[in-house]
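Q: The task is simple: from the sequences and hints, build the whole structure.
These are the residues of each chain, in order.
There are 2 protein chains.
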Amino acid sequence: MNGFVYDIPVKVYFGENQLGHLGEELGKYGKRVLLTYGGGSIKRIGLYDRIIAELKKGGFEVFELSGIEPNPRIESVRRGVRICKEEKIDVLLAVGGGSTIDATKFMAAGACVEHDPWDFLNEKRAPIEKALPIVTVLTLAATGSEMDCGGVISNPETHDKIGRLAPAMLPKVSFLDPTLTYTVSPYQTACGAVDMLSHIIEVYFNMEQDLYMLDCFMEGMMKTIVKYAPIAMKEPENYEARANLMWTSSWAINGFVNGGKQQAWSCHPMEHELSAIYDITHGLGLAILTPRWMEYCLDERTVSKYVQFGVNVFGIRADKEPMAIAHESIERLSEFLFDTLQLKSTFTEVGIKAEDFPVMARKACAGGILPGFKPLEQKDIEKIFEMCL
Amino acid sequence: MNGFVYDIPVKVYFGENQLGHLGEELGKYGKRVLLTYGGGSIKRIGLYDRIIAELKKGGFEVFELSGIEPNPRIESVRRGVRICKEEKIDVLLAVGGGSTIDATKFMAAGACVEHDPWDFLNEKRAPIEKALPIVTVLTLAATGSEMDCGGVISNPETHDKIGRLAPAMLPKVSFLDPTLTYTVSPYQTACGAVDMLSHIIEVYFNMEQDLYMLDCFMEGMMKTIVKYAPIAMKEPENYEARANLMWTSSWAINGFVNGGKQQAWSCHPMEHELSAIYDITHGLGLAILTPRWMEYCLDERTVSKYVQFGVNVFGIRADKEPMAIAHESIERLSEFLFDTLQLKSTFTEVGIKAEDFPVMARKACAGGILPGFKPLEQKDIEKIFEMCL
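As they're listed, the protein sequences go chains D and U. Quick note, the first sequence lines up with residues 11 to 399 if you use the working numbering. Quick note, the second sequence lines up with residues 11 to 399 if you use the working numbering.
Heads up, some of the hints might be wrong.
[Claimed, not checked] Each computed DSS-like pair below joins lysine-lysine, with the alpha-carbon atoms no more than 27 Å apart:
#1 U:Lys21 to D:Lys21
#2 D:Lys140 to U:Lys21
#3 U:Lys182 to D:Lys140
#4 U:Lys237 to D:Lys271
#5 U:Lys233 to D:Lys237
#6 U:Lys271 to D:Lys330
#7 U:Lys38 to D:Lys140
#8 D:Lys38 to U:Lys21
#9 U:Lys140 to D:Lys182
#10 D:Lys21 to U:Lys271
#11 U:Lys233 to U:Lys98
#12 D:Lys315 to D:Lys363
#13 D:Lys38 to U:Lys140
#14 D:Lys233 to U:Lys233
#15 U:Lys330 to D:Lys182
#16 D:Lys237 to U:Lys271
#17 U:Lys271 to D:Lys182
#18 U:Lys38 to D:Lys315
#19 D:Lys271 to U:Lys393
#20 U:Lys38 to D:Lys237
#21 U:Lys237 to D:Lys21
#22 D:Lys41 to D:Lys134
#23 D:Lys182 to U:Lys233
#24 U:Lys21 to D:Lys271
#25 D:Lys237 to U:Lys315
#26 U:Lys38 to D:Lys38
#27 U:Lys182 to D:Lys38
#28 D:Lys233 to U:Lys330
#29 D:Lys271 to U:Lys95
#30 U:Lys38 to D:Lys330
#31 D:Lys315 to U:Lys233
#32 U:Lys271 to D:Lys233
Calculated from the structure, these hints are not laboratory results.
A: Printed below as a string of structure tokens:
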């Protein structure tokens with residue numbers, strides 16, 4: 011059991027009708043605001059107008075950067091950095107899902123340095139010591155970017171999709187209004203649910219002995235996702251379902267449940283290589299990979315974790331053989347992903363081709379070993395990819 | 011389901027050997043430190059010397075206030091305020107359990123005003139807008155004061171024991187080293203466990219519909235207490251048990267699990283009247299009261315919460331009659347408190363006399379109604395007290 015430092019000073023306004031606090035929070039940092047968003051869905055749901063009205067009321071000078079894409083690209087980040095510098099922006103307001111927030115984090119950091127922001131992500135790993143303050147208004151429960159200090163940026167020129175964490179990029183304030191996710195489609199709701207489920211699985215499937223209390227929390231969040239994702243898909247305006255998913259998205263990845271666990275992640279790095287080449291939805295890639303990865307990692311050493319998962323999350327009876335419970339756990343998870351959430355279950359269905367496996371596998375382990383629950387070499391990753399066909 | 015604001019910017023160093031960060035954290039606030047502690051147990055375990063060594067290394071000027079009593083008294087707070095003002099203290103370092111930290115919070119607030127600190131607590135309810143910064147080193151897992159903004163102070167002259175919350179009193183940094191609780195006696199370990207269990211029960215037993223995810227977290231923490239308190243009593247140097255209890259103590263009452271629930275507490279206000287007169291250990295008073303209060307509040311309207319509690323915390327089979335499960339839940343809790351934790355189970359055993367019931371009951375409901383899970387008038391509280399005899 012290792013020690014750790016807990017330090018998550020994000021302030022969260024949770025619930026309906028909290029946007030009235032937007033001006034008061036932004037005003038702590040200045041008057042020149044860069045409003046960032048994606049493809050315009052915030053205009054369709056009337057959120058853009060509400061935010062502009064709040065900003066006008068507060069006397070802010072507003073600059074805009076729109077068109078941030080899913081799997082956000084470094085070019086969008088560069089555009090944002092230019093505006094921050096040219097317009098002497100005081101604070102960034104990201105309105106959207108994880109892609110918008112991730113890109114905004116690197117704009118905020120890029121505004122404080124002279125070099126190209128891609129240098130934060132490529133092999134230079136330029137230090138991220140400062141960033142302009144960030145406030146977020148979340149419209150999709152998925153990545154948890156609203157309460158963590160990380161982001162993932164794609165570079166289509168190099169087929170790279172790279173993540174980076176830096177405390178300086180932690181949002182100061184996030185507004186979480188579950189009603190803003192009412193218009194999220196059943197498919198995107200499902201993909202978001204898988205993303206947060208995977209964030210938990212990456213930490214939970216771990217043979218390091220750590221705090222039982224945190225395992226209980228992770229099981230509670232996984233039960234919450236299993237209970238409410240299908241409800242939110244069937245009843246998009248079910249507040250209870252949307253609220254549970256939204257708060258779970260933040261706590262799945264804000265670092266709290268890690269405690270002192272050090273283990274690296276497995277499915278996320280593998281998935282990033284898929285979506286770097288194929289631009290598929292992150293949660294869909296994770297859904298296809300996760301049960302196969304679980305199957306591949308199951309052995310006598312790891313079986314106890316699968317038993318704990320199956321019994322405590324899916325309510326499987328504890329009085330069977332451990333290996334039988336483990337296999338049933340994987341089946342129950344697969345049923346949840348592919349039947350209940352109705353996600354496609356194979357690479358073939360989503361057009362991912364075997365000819366790309368070697369290069370994707372090599373990149374996922376950086377030509378060496380992908381450490382994690384079970385350390386994986388290129389040939390292991392290729393085998394997991396083959397199981398996904 | 012109500013909205014809420016989440017804002018808990020306490021930084022926590024968790025684990026062994028983290029005290030090396032003490033100087034770096036205190037140094038953010040200045041060089042003049044008031045070190046506060048209780049009856050000297052921190053000297054017996056060598057903690058005092060370790061802290062003084064760290065402070066010396068950091069070049070701090072150290073002032074001391076010792077002798078803070080369990081159920082800390084306003085006179086100790088006044089002493090601390092005087093030192094803060096006379097010595098121009100920059101930052102307070104509380105080393106101890108909840109009593110030391112609670113008292114230190116009101117010293118920090120009192121140092122910023124001209125009036126008597128008791129005015130924060132008596133009917134004047136003087137505003138608490140500012141406080142000197144507070145850093146804590148925790149030596150007892152119980153009250154959660156290390157990660158919340160509240161405290162409870164006793165005034166023996168008036169037989170009052172009054173609590174108050176104020177964001178300004180939130181510690182900046184808390185050091186949680188489970189090994190510092192190795193010398194806590196089995197009895198105090200049990201009382202601490204009951205205190206944190208009660209903090210959760212006060213929120214969990216609530217008929218307001220709120221986030222399922224948070225109910226899961228509360229159940230996880232209650233399971234953690236039920237699992238590890240007996241282990242820590244039998245094996246005082248079991249790190250796993252001490253660590254789980256310590257981190258649970260903070261999360262039981264830092265406000266996170268409340269979500270949007272507004273309901274007032276019940277057992278704590280009743281217990282404060284007991285310990286205001288009898289000076290018994292807070293956790294012991296709570297242990298005696300809680301199962302009787304649960305019994306008194308059980309009816310057709312509330313039974314579902316007892317069922318949820320019994321099934322999810324004590325693993326009672328869900329296929330029985332709800333009322334039967336509810337009664338079994340109370341029995342299982344009583345067994346845990348009085349058999350497993352070996353706490354005294356009646357007022358008679360601890361010397362609390364029926365002649366004091368009317369005055370204690372009247373004070374607990376301030377002569378009107380004690381709102382909460384079930385609103386209680388003086389006569390209800392007297393009945394609950396009678397059940398404790």
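Q: The structure should be examined with respect to each hint, and the outcome stated for every one.
A: Here is what the structure says about each hint:
1. U:Lys21 to D:Lys21: Judged against 27 Å, a Cα distance of about 14 Å means the pair holds.
2. D:Lys140 to U:Lys21: 19 Å, holds
3. U:Lys182 to D:Lys140: 21 Å, holds
4. U:Lys237 to D:Lys271: Within the cut-off at roughly 21 Å; holds.
5. U:Lys233 to D:Lys237: Distance ~21 Å between Lys233 (chain U) and Lys237 (chain D) Cα, so the pair holds.
6. U:Lys271 to D:Lys330: Not satisfied, since the Cα-Cα distance of roughly 40 Å exceeds 27 Å.
7. U:Lys38 to D:Lys140: 18 Å, holds
8. D:Lys38 to U:Lys21: OK: Lys38 (chain D) and Lys21 (chain U) at ~22 Å, within 27 Å.
9. U:Lys140 to D:Lys182: Judged against 27 Å, a Cα distance of about 21 Å means the pair holds.
10. D:Lys21 to U:Lys271: 18 Å, holds
11. U:Lys233 to U:Lys98: Violated. Lys233 (chain U) to Lys98 (chain U) sits at ~45 Å, over the 27 Å cutoff.
12. D:Lys315 to D:Lys363: 32 Å, violated
13. D:Lys38 to U:Lys140: Roughly 18 Å separates the two Cα atoms, so the pair holds.
14. D:Lys233 to U:Lys233: It holds: about 16 Å lies between the C-alpha atoms, which stays within 27 Å.
15. U:Lys330 to D:Lys182: 48 Å, violated
16. D:Lys237 to U:Lys271: Given pair Lys237 (chain D), Lys271 (chain U) holds - Cα atoms ~21 Å apart, limit 27 Å.
17. U:Lys271 to D:Lys182: At roughly 24 Å apart (the allowed maximum being 27 Å), Lys182 (chain D) and Lys271 (chain U) satisfy the hint.
18. U:Lys38 to D:Lys315: 42 Å, violated
19. D:Lys271 to U:Lys393: 49 Å, violated
20. U:Lys38 to D:Lys237: With Cα atoms ~45 Å apart, Lys38 (chain U) and Lys237 (chain D) exceed 27 Å; violated.
21. U:Lys237 to D:Lys21: 33 Å, violated
22. D:Lys41 to D:Lys134: 34 Å, violated
23. D:Lys182 to U:Lys233: Distance ~33 Å between Lys182 (chain D) and Lys233 (chain U) Cα, so the pair is violated.
24. U:Lys21 to D:Lys271: 18 Å, holds
25. D:Lys237 to U:Lys315: 19 Å, holds
26. U:Lys38 to D:Lys38: This hinted pair holds, its Cα atoms lying about 21 Å apart.
27. U:Lys182 to D:Lys38: Holds, at roughly 20 Å.
28. D:Lys233 to U:Lys330: 23 Å, holds
29. D:Lys271 to U:Lys95: 44 Å, violated
30. U:Lys38 to D:Lys330: Outside the cut-off at roughly 56 Å; violated.
31. D:Lys315 to U:Lys233: This hinted pair holds, its Cα atoms lying about 18 Å apart.
32. U:Lys271 to D:Lys233: Between Lys271 (chain U) and Lys233 (chain D) the Cα gap is close to 21 Å, so the pair holds against 27 Å.
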